[in-house]
Amino acid sequence: MQTSQEIEPKNKETQHFDVEQVRKSFPILRESVHGRDLVYLDNAATTQKPDSVIAAIDGYYQHLNSNIHRGVHALSERATEAYEEVREKIRRYLNAGSTKEVIFVRGTTEAINLVAASFGRMSVGRGDEILITGLEHHSNIVPWQMLCNQTGATLRVAPIDDAGEVIVSKFEELLSSRTKLVALAYVSNALGTVNPVKSLIRTAHQHGIPVLVDGAQAVPHFQVDVRDLDCDFFAFSAHKMYGPTGIGVLYGKQGLLEAMPPYQGGGDMIRSVTFEKTLFNDLPHKFEAGTPNIADTIGFGAAIDYLNSFDWSLVTGYEHDLLVYATEVVGAIPGLRIVGTAREKAGVLSFVMDDVHPHDIGTILDQEGIAVRTGHHCAQPVMLRFGIPATVRASFGLYNTRQEIDKLVRGISKVKEVFH
Amino acid sequence: MSELRSLYQEIILDHNKKPRNFGKLDGATRTLEGYNPLCGDHYTIYLKVENGIIADIAFEGAGCAISKASASVMTTLVKGKTPEEAQELFGAFHRLVTGELKDVSFESLGKLAAFAGVSEFPARVKCASLAWHTMKNALEAKTEAVSTE
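So the protein lines, in turn, are chains A and B. In this text, residue positions in the first sequence follow my numbering: the first is 1, and each later residue adds one. In this text, residue positions in the second sequence follow my numbering: the first is 1, and each later residue adds one.
In case anyone wonders, no lab produced these hints; they're calculated from the structure. Mixed in with the good hints, there may be bad ones.
Unchecked claim - Pairs of lysine to aspartate or glutamate residues, derived as EDC-like cross-links and limited to a Cα-Cα distance of at most 16 Å, are as follows:
(1) B:K81 x B:E60
(2) A:K416 x B:E84
(3) B:K17 x A:E417
(4) B:K18 x B:E84
(5) B:K48 x B:E3
(6) B:K17 x B:E60
(7) B:K17 x A:D228
(8) A:K253 x A:E276
(9) A:K253 x A:D225
(10) A:K407 x A:E328
(11) B:K18 x A:D355
(12) A:K407 x A:E172
(13) A:K100 x A:D268
(14) A:K414 x B:E3
(15) B:K18 x A:D161
(16) B:K17 x A:D354
(17) A:K407 x A:D42
(18) B:K48 x B:D14
(19) A:K416 x B:E50
Unchecked claim - Computed footprint of chain A on chain B; a stretch qualifies when at least three of its residues, placed anywhere within it, have a C-beta under 8 Å from a C-beta of chain A:
(20) 58-64
(21) 79-88
(22) 135-141
Glycine included, C-beta positions come from ideal geometry on N, C-alpha and C.
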């Protein structure tokens, strides 16, 4: 198995971001599509995986595979240790206070559903309110709607302006004694807007309201310190930060998690079971019923190691330059309009074109080997807000280059050729 | 470009730009919505069936070029036909876009042949089929909106 020591530091010594070196770590970037070099600009949907992540998953099945927290045999002990080591890596990565606050889940969606089901059962009732924003992904809307339907609570939505920024004054107006939870995205998946979460959390806390942050689109682009943010819950997925699918994390403040009832019942989450009564296990295991996704957790650990090998100010700077460049050259194309022009953005360029539907643009770009997402991006209310059915979304990762953005621009000129 | 040209034929681009029978239809005897939740294509099909004939048909809504051109061409083809003939056309169209009609001479298909290229783009079959499915269900007097998912 690879450990962080075995991974070469990629940029710490050189003090500049060597994207060509980075690209070598991602085998899929050598694929061709329709006879062209793959240009992968769908990173907000899922990122590609470096060699070390692929090797870690492979290595787990080759050398470690066994069930955790159960056996007295050597493999089970080693697998348990490897699994719990990843929890500690993630604790450090988020600067959480304790590994008790790091709950493994399938991904962001499950993390939010866990809070809706468990915190919801504990704290939300008829007449209460949940506050979200107008730029949420469906996974940060639907669980709250379901909770409201079950409890008689009401879902409130802080609107966004024409740039795609949350209107802070409206957000503040919607906070009241009825508000039991605020749930908001750190970064919008459809528009790329970076919400001022730290100050929004502070405002919510002044009213005594806990805050859940959907961090799925934030973790690939900048480092997150949950104690600095002071968020009460933070949800994210490994697969959007160069790790495997099917594994993610719910961070929660210990006091809240301890007070909350279990989400699912089963093995591993119990201390003792009789037919009359079950005593639940301590955190974090209370929320991890059943055999977890061990292999992908190990892969997740390798992704964290990979990200830790970078100087983050270089990554963030490189990605910022890339987005600024893309905004400039794509935005200059006549008949094309960028959707989402917030002052602070990360990783996402959404656009529409006169007279050509995003779906047609997506097909034509695909023929050029360029992978973008087209559609409503699981954020239909955002599309409704802008009065459009869909957008084309190019989203960037740390292996994308200016040359790839130039190819995107040429691809868009093909769209114009076809639709003359 | 050749694959793209086979998808985006002139006739498709033309019907996308200038859709025929586009708008509401007064006196429609059947009205049904169809949508593709993944890409947001959304159309309403209006049919006027009189004396066993599709006396008139129209559509309105929005979507990609393939879905709009397909709806437009469909209206020109089924107008004046019996519901049975329209069902046959639906069958031919469905086999064409799913690649089951490879050996048939395209001349016999008339304007439908423009959609043969769709079969090379599996992700776009739903776009091409949306209006046709909606028309079929409307003919069968179904009232629930058609969804391609």
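Exercise. For this structure, which hints from the list above don't hold up?
Worked result: 1, 2, 4, 5, 7, 8, 12, 15, 18, 19, 21, 22
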